[in-house]
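Just need the whole structure built from these sequences, with the hints factored in.
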Amino acid sequence: MLEVKGLVKEFPSVRALDGVDLDLRAGEVHGVVGENGAGKSTLMKILAGIYQADAGEVLLEGKAVRFRNTGEAIASGVAMIHQELNLVDELSVAENIFLGREPRKGPALDRQKMSVDAQAFLNEVHSPFGPDVKVGSLSVAGKQLVEIAKALSYEARILIMDEPTAVLSDRETSALFDLIARLKKRNVSILYISHLLREMMIVCDRVTVLRDGRLITTLAVEDTSPALLANLMVGRELEDYYPAKPPFPSGSPALSVKGIAVPRHVHELSFDLLPGEIVGLAGLVGSGRTEAAEAIVGLRAKSAGTVERDGMPIKIRTARDAMRHGIAYVSEDRKAYGLIMQMSTAQNVTLANLKAYANPVVNGAKERAAIKGWIDDLGVKAGNPNAQILFLSGGNQQKVSVAKWLDTKPKVLILDEPTRGVDVGAKREIYNLIAKLAAEGLACLVISSEMQELIGLCHRVLVVREGRLMGELAGDDMTEQNIMALAAAVQQEAA
Amino acid sequence: GQKGDPVSLGQGQPVNAQGKKPKIAISIPAADHGWTAGIGWWAEQATKLHPECDWVIETAQNSGEQINDLETLASQGIDGIVILATESAPVTPAAKELKEKGIFIVNVDRGFTEDIADIFLEGDNSAFGRKSAEYIVQKTGGKGKVLILRGIPSTVDTDRYEAAMAVFKGTPGIQVLDAPAGEWNREKALNVTQAMLAKHKQIDVIWAADDDMALGAETAIKEAGRENQIWMIGGGGMKDVVKRVMDGDKMFPADITYPPSMIATGIHLAASSLRDGKLAEIKKFMPKRIKMDVELITPANAKDYYFPDSIY
Amino acid sequence: MLIAFIVLMIGYAIWRPDIVLNPEFLPRLVNQNAAVGIVAIFMTLVIIGGGIDLSVGSMMGLTASLGLLALNKLIGDGTSQSVATLAAVVVSVAVGAFLGAVNGIAITWGKIAPFIVTLAGMAAYRSIATVLAAGGEIRSSSSEVFAELGRGGLTVPFLVLERDRALIITWPVIVFFLSALVAGFLLNWTRYGRHLIAVGANEKAAIYSAINTSKVKVYSYVLMGLFAGAAAIGLAGRMNSVSTSQLGLYYELDAIAAVVIGGTSMSGGRGRIWTTVIGVLLLGLITNMLVTSGLSVYWQGAVKGVIILLAVLIQRGHSD
Amino acid sequence: MLIAFIVLMIGYAIWRPDIVLNPEFLPRLVNQNAAVGIVAIFMTLVIIGGGIDLSVGSMMGLTASLGLLALNKLIGDGTSQSVATLAAVVVSVAVGAFLGAVNGIAITWGKIAPFIVTLAGMAAYRSIATVLAAGGEIRSSSSEVFAELGRGGLTVPFLVLERDRALIITWPVIVFFLSALVAGFLLNWTRYGRHLIAVGANEKAAIYSAINTSKVKVYSYVLMGLFAGAAAIGLAGRMNSVSTSQLGLYYELDAIAAVVIGGTSMSGGRGRIWTTVIGVLLLGLITNMLVTSGLSVYWQGAVKGVIILLAVLIQRGHSD
Ligand SMILES: Nc1ncnc2c1ncn2[C@@H]1O[C@H](COP(=O)(O)OP(=O)(O)OP(=O)(O)O)[C@@H](O)[C@H]1O
Ligand SMILES: Nc1ncnc2c1ncn2[C@@H]1O[C@H](COP(=O)(O)OP(=O)(O)OP(=O)(O)O)[C@@H](O)[C@H]1O
Ligand SMILES: [Mg+2]
Ligand SMILES: [Mg+2]
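Residue numbers (our numbering), protein chains in the order written: chain A, 154 to 648; chain B, 428 to 739; chain C, 382 to 701; chain D, 382 to 701.
Treat the hints as calculated values from the structure; they're not laboratory data.
Being a predicted model, the structure only gives us computed values, none of them experimental.
Treat the hints loosely; a few may be bogus.
[Unchecked claim] Pairs of lysine-lysine residues, derived as DSS-like cross-links and limited to a Cα-Cα distance of at most 27 Å, are as follows:
1. A/K564 with A/K589
2. B/K447 with B/K705
3. A/K564 with D/K585
4. D/K492 with A/K468
5. A/K287 with C/K596
6. B/K670 with D/K492
7. C/K596 with A/K266
8. D/K492 with A/K488
9. D/K585 with A/K488
10. B/K649 with B/K570
11. C/K454 with B/K523
12. A/K398 with A/K589
13. B/K730 with B/K718
Following this line, the structure appears as C-alpha cells:
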C-alpha cells in the first residue's frame, strides 16, 4: 500500500529523521511509537505533504510520490489528524470539517447539506456537540473530535492519526477504537501514533519503534508488550513505571475548597488537599474539571464558594493572587494558555517565576542555570533552548509547560492533563518529580483522563460528573471500573 | 464660532422691520498651516464685528469634506455663505447647488470654474508668483542663483510656482537651482533647505511659496552660518516676516501681500449685503468681481501691513 | 454599532428636529458617506483576510484622474458625452482592479508585508496622479452627463420636496448598498468568504486544508481596488473634476476607522459588513452634528473624540 | 534593514560624494529624524505589546503648546530663561506621560480597542492644542535659551567645519540615542520586556502566567507619551515656536511606517529597537535623496514607493 524508504529530514537544530523505513499494508493499523522528539510527527507530516523529505522516497502502491502540499496528499487519498490542533476557531464545526471543499448550491454555500454531512461524521466520533457550534467555544477535547471528523470526511485510503487520544478520556477513546475497527473493514490503512502503549496492544496490527529519528524495529503486536515497547523506545531497561507513593500524609489541609461553583460547569465542589498529598480528579471530558481548577486559581469567575490556604480564607481574583499564595496551575491547553509559542524554550521556562531571575534586570547566568536544570530533570529534547518553542515536539512542549510552574516552587500544585503527549520515559520522570515534591510536602491535585495514571500516582481520586463531586476512591477501591462507574453514572453492578 | 450657534442666539429673531436675522455660513480650509490658520482667525474676528447676523464657521480638510459641509450647512437653512475653496473646480458644483437654492454666495480667493458667485473677491496667486519673482530679478540685477521652495502640489502652489518660473525663464541671468517641496510646513522647509544648502555651495536668493516656509528656511540658513549670503522672499504677509521687513532685516528685504484677512473682507461684504434685507438694492451697485491687489511689502510701507495681534 | 447609532440619531432628532426630520436628511447623509462607505466595506474584507490597504485613497486619486482624462480625450474626439462617461467609469474601475492586483501580487508572490506594500502604493499612486495633472486639477468637459454620476440616480416616486424637487437616490448611494450586498454575500454565503476568514484567522489551518491562500488574498485586494475605482469616479462626477492632490485623500484612514469602530478586529479572521456600514454612518453622523452644532471648529475635534468613545461604550453596554 | 540602509548609503555616496562625504551629513540626517525616531522607538514597544498609538502626533502638538505657554508665562513673570526653559521641558514631558496614561487606562480598564482610543485621542489632543492658539502659532519669548533645545547640544572637539563652525551633537539627537538605549534595555534585559512580549504574543497565556497585563500595557503608553513630550519640546525649540496645527502632524504614521519597515510585526509579540532606528534613518535618507535629486516634486512619491519596496527586497535577499 504505502512504503517509505530511507527517509531523511533535517531541521536547523536537529536531524529529525535519519533514514527511516516503514511499510503500511492495506487495511492495516500500523502503530508508531517513540520518545518525544523521536521524529514521529515529522515522518507523518512528510507523508501528508506538509514537509518535504531531504532524502529517501515514498512509494504509494508502488509508485514513487512526492507531495508538495496537503492538497496533493489528500488527492492521493492520504489524510492526517494533526497532533497540534489546526482548526479555525472563528468558523463552525461543519465549516471546519469541509474547509476548502464546501458543498455549494450555485455560487452560494449549501449550509443545509454541510450541516447534515458534518453531523454524519460527528456521529462517527460520538461527538456531544452539533455541527453548527463555533469551534472556538469547544474544549481541547471537543476540538480534537472535530479534527478526527475532519480527517474522516476526506474519506482517505490512508489515515494518519498523530496522538488522537492524547486529549480524550477513555469514553471518547473507546468510541475512536470502534471507529478504527469500522475503518479497517472498509480496508482503510491507518498510521497510529500514541504514547499510551496499552492502546497499541488494542488497536494495532504491527508497531514500528523510532528512536532519535532512526528506525529501531517493526513488530507484530502479538510479539510485543507495553514494557517491551517502552524499553525499545528508550533504549534501556525501565524499572517499574510508577514511583512508590509517598507515605499517606496527615495534618491540616494546605488547601481547602469549599463549595465553589462556576455557572454551567461546576456545582458546589468541595475538597481538601493535605500537604504531601497527591489527589486525582477524574471525570469525563466536559465534566468541568478544568473549569473547577481555573476557578480555584482565579482564572475563571466563580459564582460561589471559598478557598482556604493552611486554614486561612484567601481572596483569589487573578493567577497572580494564586501564585502569591503558593498555588500553581498547569493548563491542559499548552498551545492556547500554557506556553507562548513565539518565545524561546528558555524564556517559557522562567516566564511565570521571572521575578526570581529578573528584578528588574535579567540575571542571565542565574536564569540559564535554572533552565538547564529543568531541561535535564525532565529530559526536554530541545536542540537549542533559545529557539522558538514552537519547533519543539509536542511532548517536549508539554514538559516545558510543567517545568514553568514547578519553577515557581508552589506549595499547592494543580496539574491539568500533565502527561498529555509525554512519552513513557518522560512520564516516569514527571511522576517521580511529583512524588518527590509531595514527599517534601507539596500538595498536589492531578486532573487526568488517563485513569491508570491517577490510580498509579494518587493517594485518592475524586470523581466528578457534570461539575458535581460524585465520590471519592482510595486504596484498593481505586479501580478503573469504580472510577468509570462514578464518572459515567452507569449502574454499579461491578461493585 | 460660538456666535454661530443658532440655538443660543434664538435663530430668526427679528432685528428690524425688514425681517429676520440673517444666517450666514463660512466654509474655509482647515487650519493645517499658518496661512489657513490665519484665515480661521480673521473669520472669527470678522464675525464678532457683525452680531446682527448669525454665523456658522466650518473648516474642511479637503474638497470632498468641503462639499459635504456646503450641503450640510445649506440643509439647516442659511441666507448666505462665504466660501474660500480648498480647490476651485471640485467645489464648484456644490456651490452651484447652493446658488440654485437661492443662497447668497461670496467667493473668496480661489474662483469657481463657473460664474456663480454673487461677489467674487479674487485672489491672484499668479500675481503672487510673478511679483515676487520680478522683485528678485530687479534686486539681483537679473543675475543670481535662486532656490525655490514649493508648497504641496495643488492649484495654489502650481499657479504661484509657474508664474514665478515664467519670470525667471525670461531672465537669462537667473539660474533656478532646485524646486523642492516644503509642504507649507516650517519644519519640512527647514529640513529641505538644510539639504539644499549642503547641495549648493552658492545660493543667492530663496523664493518661498509662503512665509511659513521662508521662516523655516531662515533657521536652516542661520544654522549653516550663511545668513550673510542668502536673502529670501516669501509671501502672505505673515506678521513675523512683515516685522522683519519693517526692521530692515537683510534676509527679508521684502514680502508679498496675500493676507488671510481677505476672508474678513468677504464676511463684511456678506453681512452688509444681507443684514437689512435690501439685497436687491445693494446688488445694483455692488460689483460682482473685486480683484484684490497683490502688493510688494518693503520697509517703506511695511507698517501698513503689520497686524501685531493677528495670529498670522 | 447599531444601538449607538440609533441613540445618537434620536438625540440629534430631539435637539434639531428641523434638520433631522427633513426627508432629505438621511439620503444626504448616506450620499455624503457613500464613497468612504464603499471603501470601508471592501477594506473590511481585506482586514478579515489578515491584510490592510493604505494605498486605496491615493489609488482613487489615480483611477479618477485616468477616468477623467479618458473622458476628456473621447469628448475631444467628438464622442458623445454618455459614451465618454461610460468609458470613464470603465477606465476608473479597471485601473482600480489592476492596481489592486498589483498590491495583492506584491504581497503574496513578493512576500512583503501588506502594510509596507500599500504604504509604498500610497506614495506612488498619488504621485502619478499629480504628474498627470502637473500638480493641479483635471476638469471634466462634460458638465451634463458626467456630473450626473455624482448627482443623478433613481427618483423616489410621489415624494416631492420643498422647491418641488424630487428625492433622488444617487448612483454612489446605490453602489454603496450594492457593495454591502455583494461583500455581505461573499463573506457569509460563499466558499470565498469561508476561505477568507480561514486565511485571516489561522493561515496554517487554511494551508493544511489545501486552500490557495495567495489567490484568496489577491482577490480581496482586487475587489478593494475595483470598487475604490467606482467610488472614485462617483466622487469625480460629484465634483465634475478631479483634484489630483485631494481626491480620496485620507480615505484609507476614514475607512479603517469605520471598520474598526464597526467592531472588526485588525488582527483578521473576524468581522462583519453591516457593522462597518453602521460605523461609516456613525462617523458621518458625528461630523454632520458637529457641522450643524455651530461649535467652534477648534473644539470640534475634542468633542468628536469624546463622542466616538461614548458611542463605543454605549454599544458595549448593550451588546453583551 | 541595516544592509538595505548601507547599500542605499553607498549608492548615494557614489552618486553625490560632495553631499554624503561631508562630515555634517550624517549628524544632520540624524538630527532631522531625531523626533520621529524617538516616537518610532517607543511605538515599537507599544506595538510589541499588541497595541498601537495613533494619538502621539496630536499629543506632541498639545504637550509642546502647553510647554511653550508655561515658558512664556514664567518669562512674563520675570523668571530667568533657563529656569523657564527647564519648566517647559518638564511640563511637556509630564503632560505627555499623563496623556499616555489616559490612553493606556482607557484601553485596559475601559476595555476599548487601542486603535479606537488613540484615534479619538488623535482628534481630541490636536483640537485642544488648536484651541490654545486659535489654530495658529505660539511663539517662544526666549529666543536664546529655549531655542538651544533644538540647536544646542554637545560639541565634538577638534572638528572644525566650513565657516569654522563646530560640529554639534544636538539634544534631540542625544535623546534619540538615549531612547534607543532605554527601550532596547527594557525590551531585552528586564522583566518588563519579557512581559511585554508575552502580552503581545498571547495575552491569554500571559494572564495564565500570572502577568499583570494591564500594568504592562499602560506602562508602554506612558513611556510613549513621556518621550513624545520630550521629542515635541525639542521640535518646538528647533522652530522656537509651536504651530498648534502642525507640530507632530502625521508623526504617528511616519513612526509606524518606520517600525514596520524595521521588520516589527503589527500583530505584536515580536520586534526589535535597532531595526526601527535603521527604519527611521532609511526613510529619512530616502527623503533626503529625493530632495537633493532635483527630481520633480510630482514624481518623488512614485520613486519613494519604489525605493521602499526595493529596500525591503534587498534586505530579504540577505537576511535569509
Ligand atoms: N519545524 C521544525 N523546525 C525545527 N525543528 C523541528 C521542527 N519540527 C520538529 N522539529 C524537531 O524535530 C524533532 C522531531 O520532532 P517530532 O515532532 O517529529 O517529534 P515527535 O516524535 O512527534 O515527538 P512527540 O511524541 O513529542 O510528538 C524534534 O527534536 C523537534 O524539535
Ligand atoms: N474556552 C472554552 N469556552 C467555552 N466552553 C468551553 C471552553 N473550554 C471548555 N468548554 C466547555 O466546558 C465544558 C468542560 O470542558 P473541559 O474539557 O474543560 O472539562 P474537563 O472536565 O476539564 O475536560 P478535560 O478532560 O478536557 O479537562 C465542555 O463542555 C467544554 O466544551
Ligand atoms: Mg509529535
Ligand atoms: Mg479540561
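Checked hints:
1. A/K564 with A/K589: holds (13 Å)
2. B/K447 with B/K705: holds (12 Å)
3. A/K564 with D/K585: Holds, because 24 Å separates the two Cα atoms, which is no more than 27 Å.
4. D/K492 with A/K468: holds (24 Å)
5. A/K287 with C/K596: holds (26 Å)
6. B/K670 with D/K492: With a Cα-Cα distance of about 52 Å, the restraint between B/K670 and D/K492 is violated, given a limit of 27 Å.
7. C/K596 with A/K266: holds (26 Å)
8. D/K492 with A/K488: holds (25 Å)
9. D/K585 with A/K488: Holds. D/K585 to A/K488 sits at ~11 Å (cutoff 27 Å).
10. B/K649 with B/K570: At roughly 24 Å apart (the allowed maximum being 27 Å), B/K570 and B/K649 satisfy the hint.
11. C/K454 with B/K523: holds (26 Å)
12. A/K398 with A/K589: Holds: A/K398 and A/K589 sit about 9 Å apart, inside 27 Å.
13. B/K730 with B/K718: Given that 27 Å is the threshold and the Cα spacing comes to 23 Å, the pair holds.
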